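Chains A, B and C, in that order, give the protein sequences. Per UniProt numbering, residue 1 is the first one in the first sequence, and the count goes up by one each step. Per UniProt numbering, residue 1 is the first one in the second sequence, and the count goes up by one each step. Per UniProt numbering, residue 1 is the first one in the third sequence, and the count goes up by one each step.
If you are wondering where the hints come from, they were derived from the structure by calculation, not from laboratory data. Certain hints may be false.
[What the hints assert, rightly or not] Listed next, the in silico BS3-like pairs over lysine-lysine satisfying Cα-Cα at most 30 Å (straight line):
id: 1; chain 1: A; residue 1: Lys84; chain 2: A; residue 2: Lys262
id: 2; chain 1: C; residue 1: Lys81; chain 2: A; residue 2: Lys149
id: 3; chain 1: A; residue 1: Lys75; chain 2: B; residue 2: Lys85
id: 4; chain 1: C; residue 1: Lys209; chain 2: B; residue 2: Lys50
id: 5; chain 1: A; residue 1: Lys146; chain 2: C; residue 2: Lys81
id: 6; chain 1: C; residue 1: Lys46; chain 2: B; residue 2: Lys214
id: 7; chain 1: C; residue 1: Lys81; chain 2: A; residue 2: Lys153
id: 8; chain 1: A; residue 1: Lys67; chain 2: B; residue 2: Lys85
id: 9; chain 1: B; residue 1: Lys85; chain 2: A; residue 2: Lys89
id: 10; chain 1: B; residue 1: Lys85; chain 2: A; residue 2: Lys235
id: 11; chain 1: A; residue 1: Lys157; chain 2: A; residue 2: Lys176
id: 12; chain 1: A; residue 1: Lys176; chain 2: C; residue 2: Lys81
id: 13; chain 1: A; residue 1: Lys226; chain 2: A; residue 2: Lys249
id: 14; chain 1: A; residue 1: Lys79; chain 2: A; residue 2: Lys249
id: 15; chain 1: A; residue 1: Lys171; chain 2: C; residue 2: Lys81
id: 16; chain 1: A; residue 1: Lys274; chain 2: A; residue 2: Lys79
id: 17; chain 1: B; residue 1: Lys85; chain 2: A; residue 2: Lys84
id: 18; chain 1: A; residue 1: Lys79; chain 2: B; residue 2: Lys85
id: 19; chain 1: A; residue 1: Lys84; chain 2: A; residue 2: Lys246
id: 20; chain 1: A; residue 1: Lys79; chain 2: A; residue 2: Lys62
id: 21; chain 1: C; residue 1: Lys81; chain 2: A; residue 2: Lys140
id: 22; chain 1: A; residue 1: Lys235; chain 2: A; residue 2: Lys79
id: 23; chain 1: C; residue 1: Lys140; chain 2: B; residue 2: Lys144
id: 24; chain 1: B; residue 1: Lys85; chain 2: A; residue 2: Lys122
[Claimed, not checked] Here are the simulated distance ranges between beta carbons:
id: 25; chain 1: A; residue 1: Gly134; chain 2: B; residue 2: Gln6; range: 31 to 37 Å
id: 26; chain 1: A; residue 1: Ser143; chain 2: B; residue 2: Glu25; range: 39 to 45 Å
id: 27; chain 1: C; residue 1: Arg205; chain 2: A; residue 2: Pro154; range: 43 to 49 Å
id: 28; chain 1: A; residue 1: Gly195; chain 2: B; residue 2: Ala204; range: 36 to 42 Å
id: 29; chain 1: C; residue 1: Leu77; chain 2: A; residue 2: Pro154; range: 21 to 27 Å
id: 30; chain 1: A; residue 1: Pro215; chain 2: B; residue 2: Met1; range: 18 to 24 Å
id: 31; chain 1: B; residue 1: Ile36; chain 2: C; residue 2: Ile58; range: 29 to 35 Å
id: 32; chain 1: C; residue 1: Pro44; chain 2: B; residue 2: Leu196; range: 31 to 37 Å
id: 33; chain 1: A; residue 1: Lys262; chain 2: B; residue 2: Glu25; range: 37 to 43 Å
Nothing here was measured: the structure is a model prediction, and the numbers come from that model. From the three backbone atoms N, C-alpha and C, an ideal C-beta is built for every residue, glycine too.
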Amino acid sequence: MKKLKRITSALGILSLLVIVLTACGSRKSLSQQDVLQNDRANNTITWGVKADTKLFGLMDVKDNQVKGFDVDIAKAVTKRVLGKNGHAKFVQVTSQTRIPLLKNGNIDAIIATMTITPEREKQVDFSQSYFDAGQSLLVKEGSSIKSVKDLNKPGTKVLGVTGANSVANIKKFAPKARVLELSDYAQAMTALKSGQGAALTTDNGILYGMATQNPGYQVVGGAFTKEPYGIAINKGQGDFKAEVNKALKEIEADGTYNRILKKWFGNVPGFDYKEAAR
Amino acid sequence: MQNFIQAYSWVNIRFLLEGLWVTVEVSVVSIIASFIIGSILGVLRYVKIKYLSAVIGFVVDMVRNLPLILIIFFTYFGLPHLGFKPGILFATILAMTIFESAMLAEIVRSGILAVDYGQMEGARANGMTYVQALWHIIFPQAIKKTIPTIVSQFISLIKDTSLATIIVLPELLNHAQIIYGQNTAYIIPMFVMIALMYFVICYALSVLSRILDKKLA
Amino acid sequence: MIYIVTHYWSELVQGIGYTLLSSVIALVFSTIIGTMFAIFEVLPNKAMRVIGRVYIEIFRNIPLLVIAMFFYVIIPLYVAKIDGFTAGTIGLTIYTSSFIAETVRAGIQSVDPGQMEGARANGMTYWQAMSKIVLPQAFKIIIPPLGNQFINLVKNSSVLAFVAGFDLMYQANSIASLSLDTINSYMVVGVFYLVITLPLSYYMRHLEKRLAN
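Using the sequences and the accompanying hints, generate a full structural model.
Written as structure tokens, this is what we have:
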């Protein structure tokens, strides 16, 4: 009898805790303050960027700075929004951590190889697209895999990154393949080298960066999806979004955008940066 | 061999050491905080204050039985929902402290239980209050008895900081991953180096605990 | 929260399956390997004792995640093609075996040495005495710590998430990013873990008390 009492009281506390936690979980996020006003007051915009993705956002071991196309665009946008002395602060994110961090208000905006998709637009707002990527495949040279169709066989393993849109896509394009999700692109590339998957799939821009870093690997299959990258901003931050869009238009108009594009993609084999110029 | 020499360039080693520093920072703060909180929780659980001890006991059991990664996710992603927005370093330290405090609470409680109850009676007979006896007589002995267990728990803590690489805490494993992610020829040298770094710290601590245990015994 | 459970039920069940499978396999093999190295440590032969000690110290003092990733990344490059689940489970086994070895050694040493001598005096060989007299008694003492190791294994198997091992934590990450409802996804998975570990943990405490009396 005593035992029963203890078990019921334990269950009681457990259910109480679950209720409390759910209540907390479903509460609206705190980031209902005006991001633009805050950022102007602090003269700083906090950006979520990748640190494992060559060409877009990669940690430089020499000086502990993240460098890449996304980072440079973020800096240029910051200068347009806050003025010449505006400060851009960078927080490292992965495909998995970026949306929760934005919604929680740890970062003001995401500029991290993030595709604008209808599902994500239910959760966050996007700026206009600032880069047009397309999903593709990275394989070992001489691999029998030439296109996404070759992956659609039972037992084929494809490597991707948790939270990336490319993982959701591959389930549509090659439903028979098994997708293995790693935590970031460095891990996914390492897994490809170890033979954990037949191909690594994500956007071509990222894959070209990997191919230049890893001789013996090539991008195949062309771009089988359209992946327009956008800057993600919390819902209800209309002023901030308008400023970011304005800034993007300005840097496209005054040639800053093309300069940054050339800096990062000018010498990437297989990538025609002139076609991507705006 | 060539790979090893190139991999251990000063730039890379310095980058690893920066990671190691974060690992040490998180570990030291969490060890101190969890030792204090864990001891208090362990004592409170032992003294059996109505309801309070039961609630503490249940929460401690919940935390102890969850994977640490989940607790890291809860502090990093969950706390902002409660109106508190921790940075990554603080979120990790908080998660480690919550988890390790729960583990230590259990160790301290069992340590107190292992101390002969006659000592409490003796101390009370000599005019000490219950709290005085607990603090001056029972608690120090409980800690003495459990030093090896406590230290091995701290060693686990140091090792477990590597889990925070999933939220991109710039600790040792994360920095190694960044280096070998950029040049996969460095995978083995990096694994060897970080395994060595973790080993040296953890082994030194376990040797220290053995010496301490012998001295106090 | 209910939505996560109903909508991702098959992923969650698969996750639990892999988590339990990995934990059980790792428990069986780490007990075998751990016992082996524990015996090494109490052998009269000094070289064997050193081997036992070195094995235990190495794997006790390196993070599980580093060991698991080593097997995921390096073994397939040079030794054998193993997938994330296998690599993670091997890592889990080796890491846990070093802790079990310590437990078993303490168990063996708590058995009165007189029993070994008595058995030897009655004509048993060292191995007969060890396997028939000493180990059975040692195991009786270490059943509760072994049970606690199993709980640790269930929790620690979450490293499989880092090597695409399809366990509960891997599914949690996947569900969190598919549903874009991070906190509720992890909360659901937390409850799933507790459903496995809490009853086990209470049962072990009960067992410990019974054995102590």
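Would you list, in rising numerical order, the hints stated earlier that this structure does not obey? none
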